[in-house]
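Asker: Heads up: the sequence lines are chains A and B, in that order. Counting in my numbering, the first sequence runs from 1 upward without gaps. Counting in my numbering, the second sequence runs from 1001 upward without gaps.
If you are wondering where the hints come from, they were derived from the structure by calculation, not from laboratory data. Ideal placement from N, C-alpha and C gives every residue a C-beta, glycine not left out. Errors might be hidden in some of the hints.
Here are a few chain A residues that face chain B, going by a calculated C-beta distance under 8 Å [stated by the list, open to error]: (1) V57; (2) H74; (3) V78.
Sample of chain A residues lacking proximity to chain B, with all beta carbon distances greater than 10 Å (derived) [what the hints assert, rightly or not]: (4) R9; (5) V14; (6) T46; (7) L61; (8) E86; (9) E90; (10) L94; (11) G146; (12) R206.
Residues per chain are reported as follows:
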Amino acid sequence: MLSLLKRYREVVLVVVLAVVPLGVFLAHARHPSDRTTLDRFVLTVTSPVEKAIDWTVSGALSTWQRYVWLRGAHERAVALSRTVNELRAENTELSQLKAENERLERLLVFARSKPEHRAVGARIIGTRMDPKGLQLVTIDRGADDGVRRLMPVVTADGVLGRVHTLGASSADVLLLSDRNSSIAVRVERSRARANVRGQGAPGPCRLEYALRSDDLIEGDQLVTSGTDGVFPRGLPVGQVTRVKRGGFGLYQAADVLPAVDVNRAEEVAVLVSTEVPGGLPAARAPEP
Amino acid sequence: MKPLLRVPLALLAALLLLAMSASVTSQLSGGAVSLALAVPVIVWLGLETPVVEGVIGAALVGVVLDAAAGGPGGLLTFLSVILLLGVRAGAGPFDARSRLGFALLCGAATFLMGFGAILLTRYVTPASADPSWGLLGRVLVESLLTAAAAPAIRWALDRVLVPAHRDHPGILR
């Protein structure tokens, strides 16, 4: 028997190596089990090789594509650059539209918060802030739109100025920063009265005619008092930044930071109907 | 080379080629096609080694293929052994040691192995889960790609494993 096995050992080995796996397969195929230790071993052995090959092939392909195979790269770069420029321009335009939308929304909220005023929206179409002349901006609304001289012009932040010169479809607005502009105000906190006068340039204005005995401190908010016959009461004018109280005199002075940055204003509202206390004299027209 | 050394080296080569198959197909096609680079090792064993050495080597490579494939154990081991015997039987009539002959043999072996795997799996699995015959198209592509890569694999195996110069063709000779 042993000699027979020895004689046919090759055949026996082949048959065993073929039949045993088939038996294993047929036994387990219908009930597949979880991965075995051998499976995990093969995975452990092959995965580092796969990683190494992956790293090498990826690196080689990447090097080839980045540094060697650059056919058409210049054209693509030019096209992409053009696209980027177009998208940037579009983005800038959209940003501007968004900012404008926000400004208009604030202006609308401001106008709606004062139902006693009827406002006409306008856009600033020109500025003339020559230090030798008046501080003016031109708006795209005029007499045809119901705008009249001395009407208050505001933004969502507060007072910008008043209508100075009127055309049919446009008007010049004298800014609160002009030296001819004087707006009657109250200190919001203490209700003290004073005037805010421009200094002929965009930037701080001057507070004048504030009684020395009045309660005035830095940071006080100033609003229109409604006593100058032009501006209705309660509109923000600015903030006291520096109080100057001399050793003597009837009044104290202060610097005022305007609530509206005249350099940045773009959309405004002209208050065409306001609740102004009757009997008060109209504001004097400015003299250049 | 000693037979005891050739079998483990063949196993190592199969492991390496398995990893390469997975990586290369992933890199080049993202898995759209597959490669069976370990099959040429079985074909090479069938052509160049004595039957005992070859059948043990083929069985071990089959075990590794089974483990890597994740299917039911034993299927690819059985098919590897059968494949080795088929190579030994079929390589006689033509010059299987030439580049073209080896490539054709590897292509045919890959296809038959795939076909056999589908057939046996269909036999044992429920009808709802059995592999579709449509997979044969994929097996065909795999066979062609493997055949294309086979000469290079043979070149490497000849240098690493060193043929045993089996002069007499036949299943057990």
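Asker: Decide, hint by hint, whether the structure agrees.
Answerer: Hint by hint, here is what the structure shows:
no.: 1; hint: V57; in the structure: holds (5 Å)
no.: 2; hint: H74; in the structure: violated (27 Å)
no.: 3; hint: V78; in the structure: violated (30 Å)
no.: 4; hint: R9; in the structure: violated (8 Å)
no.: 5; hint: V14; in the structure: violated (5 Å)
no.: 6; hint: T46; in the structure: violated (4 Å)
no.: 7; hint: L61; in the structure: violated (7 Å)
no.: 8; hint: E86; in the structure: holds (33 Å)
no.: 9; hint: E90; in the structure: holds (35 Å)
no.: 10; hint: L94; in the structure: holds (38 Å)
no.: 11; hint: G146; in the structure: holds (70 Å)
no.: 12; hint: R206; in the structure: holds (75 Å)
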